[in-house]
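J.: Now for the letters of each chain:
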Amino acid sequence: NAGVTQTPKFRVLKTGQSMTLLCAQDMNHEYMYWYRQDPGMGLRLIHYSVGEGTTAKGEVPDGYNVSRLKKQNFLLGLESAAPSQTSVYFCASQLAGETYEQYFGPGTRLTVT
Amino acid sequence: RKEVEQDPGPFNVPEGATVAFNCTYSNSASQSFFWYRQDCRKEPKLLMSVYSSGNEDGRFTAQLNRASQYISLLIRDSKLSDSATYLCVVHAGNNRKLIWGLGTSLAVNP
Chain A
1 NAGVTQTPKF RVLKTGQSMT LLCAQDMNHE YMYWYRQDPG MGLRLIHYSV
51 GEGTTAKGEV PDGYNVSRLK KQNFLLGLES AAPSQTSVYF CASQLAGETY
101 EQYFGPGTRL TVT
Chain B
114 RKEVEQDPGP FNVPEGATVA FNCTYSNSAS QSFFWYRQDC RKEPKLLMSV
164 YSSGNEDGRF TAQLNRASQY ISLLIRDSKL SDSATYLCVV HAGNNRKLIW
214 GLGTSLAVNP
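Protein sequence lines correspond, in order, to chains A and B.
Residue numbers for the first sequence, in the working numbering: 1 to 113.
Residue numbers for the second sequence, in the working numbering: 114 to 223.
Okay, chain A solo, but in the shape it has when bound (with noise of 0.2 Å):
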């Protein structure tokens, strides 16, 4: 199992251009979860989704929309990136229940000049 992979590795935008992160998880896991991540900041929820076809705004959704059209796939897309949305960003999964191991992807390191 390649557990949650994470499409590109690293990316440089100039300010006003778009993108999509892909995350795709192999565990069949429910719930997944887009992170950025700061200096200073900690790991700070941008969205989430706890199924196929439904997500919700975490604690920093601004500039950032998601899509969750299959179980296994969790989409961010920037449609205007702006210098402010420098970041390593994660995605995590993490099954339904009574448990919340979440598991991360190695992470977008995305750069906007």
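The set of hints was computed from the structure by calculation and includes no laboratory data.
One should not assume that every hint holds.
[Unchecked claim] Taking CB as the label site, the calculated pair distances span:
#1 ASP170/B - ALA2/A: 24 to 30 Å
#2 GLU59/A - ASP170/B: 26 to 32 Å
#3 THR15/A - ASN168/B: 43 to 49 Å
#4 ARG179/B - LYS14/A: 48 to 54 Å
#5 TYR183/B - GLU52/A: 34 to 40 Å
Yeah, the Cβ is synthetic: ideal placement off N, Cα and C, and Gly gets one too.
Got chain A; can you put chain B on it based on the hints?
T.: Coordinates of chain B only, in the frame set by chain A:
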């Protein structure tokens, strides 16, 4: 007050030392607690869950003190490979969201 607070460190210890980290949380309704480990430029990985009765996994011991609202992680016989950032994580309420501390940095020196 932050929901989850940790001493950022860094903690610099020699190999073989015992080191302990504490983490405090503000929501008394918190139900589940975890320690994650994050290596430099890598993703977080679950180290251990923290149970009310305390739990041990090899050289690692986690404790929960609900009255004082803190959890602790004790590492015995530190190895060079223990060098990492240790993240305290708390789940509270009926949602699926975890609250993450900023992490405590540990450097184990030869």
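J.: Within 43 to 49 Å: is that where the Cβ-Cβ distance between THR15/A and ASN168/B falls?
T.: This hint holds: roughly 48 Å between Cβ atoms.
J.: Could you see if the CB distance from ASP170/B to ALA2/A stays within 24 to 30 Å?
T.: At roughly 26 Å between Cβ atoms, ALA2/A and ASP170/B fall inside 24 to 30 Å, so the hint holds.
J.: Range first: 48 to 54 Å. Now tell me if the beta carbons of ARG179/B and LYS14/A are that far apart.
T.: With Cβ atoms ~50 Å apart, the hint holds.
J.: Is 34 to 40 Å a correct range for the gap between the Cβ atoms of TYR183/B and GLU52/A?
T.: For GLU52/A against TYR183/B, whose Cβ atoms are near 38 Å apart, the range 34 to 40 Å holds.
J.: CB of GLU59/A to CB of ASP170/B, is that within 26 to 32 Å?
T.: About 30 Å separates the Cβ atoms of GLU59/A and ASP170/B, which means 26 to 32 Å holds.
Against the hints set out earlier in the document, no violation occurs for any number.
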